[in-house]
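Participant: Keeping their order, the protein sequence lines are chains Z and B. For the first sequence, position 56 (counting from the first letter as 1) is numbered 56 according to our numbering, and the numbering increases by one without interruption. For the second sequence, position 15 (counting from the first letter as 1) is numbered 15 according to our numbering, and the numbering increases by one without interruption.
Each hint can be trusted.
One copy or any two copies: either way a pair holds, since identical chains are not told apart in the list.
In silico DSSO-like pairs for lysine-lysine, Cα to Cα no more than 30 Å straight-line:
(1) K91 <-> K72
(2) K92 <-> K43
(3) K148 <-> K43
(4) K92 <-> K109
(5) K14 <-> K72
(6) K3 <-> K61
(7) K61 <-> K43
(8) K72 <-> K92
(9) K131 <-> K92
(10) K92 <-> K14
(11) K109 <-> K91
(12) K61 <-> K14
(13) K131 <-> K91
What the hints contain is simulated information worked out from the structure, not anything from laboratory work.
Chain residues, written in single-letter form:
There are 2 protein chains.
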Amino acid sequence: MEKCGWCNLTEAEKRWLLSDREYWAVYLADEQDYIGRSIIILKRHCGSLPELQMPEWIEFKQIADELERCLKTALGARLCNWSCLMNSFYKKDVPNPHLHFHVRPRYDKPVVLNGNVYVDAEYGHHYRLSKGVSIPEEDMRELLRLLKSNLHFSVSAGN
Amino acid sequence: MEKCGWCNLTEAEKRWLLSDREYWAVYLADEQDYIGRSIIILKRHCGSLPELQMPEWIEFKQIADELERCLKTALGARLCNWSCLMNSFYKKDVPNPHLHFHVRPRYDKPVVLNGNVYVDAEYGHHYRLSKGVSIPEEDMRELLRLLKSNLHFSVSAGN
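Please work from the sequences and hints to get the whole structure.
Facilitator: Here it is as structure tokens:
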């Protein structure tokens, strides 16, 4: 859809692509308040869960399975928090929601990237909102490399 | 599983059952901070999303579709927030997670139950944590009645 920013991601936004599948694309989130936090974006414009088609739902499960396995193996996540919220779209008078999921890996041990130590201070509790964490560009690149090299899909689409 | 409270719900906890399907049971949440908030509980002991079987995943989609439609139709929800978090289980040294999803309907207009008015003060934003809202028993009963009479599954299981 022409007026949807999620249908028209910029090259800068596409920089953190982890995997491009038939129906979904997976990106590292800009906000790395929980290391490895990612967004799974549907590649067509669709506004709610009930409007998802079954093949899209089935591929999402395959992605979730592999992404959660990868976050546990590559980063040591103990569990993952999954959510489909869509609240921000509804700030506008005429909302134009674009379906996406968030995954926040949760850790009982620190994660170390390039010698920098990241701690999940809220482990065992709901994720904290607006932590306003930013991580160095080089840690973001290391995270991308680490996750991409550990993500393995049995049937590959675009990536 | 013997030691899991979610596998062994008490009769008091089962009081707010909305729908009993083949793989999942749907209950009104005790905490009605967002009116119609419900929990969808897997009927077998399973600890994470990747361990879910595909037939369970497919039935969950059918439930989510119908529940979201019902919350929009019967209560006027504008959107729904879906999540699978599981954090509380990990407070224990030996976590014993039992898979469940939360749905929080979100409203741009007040909901009225038995003349009591409920407002979603955070509409357009992330749900607020620990609002500590409790609603009168008679409103809870009215909510159960309203949702049960509007939930229609094409193929019925237990309910």
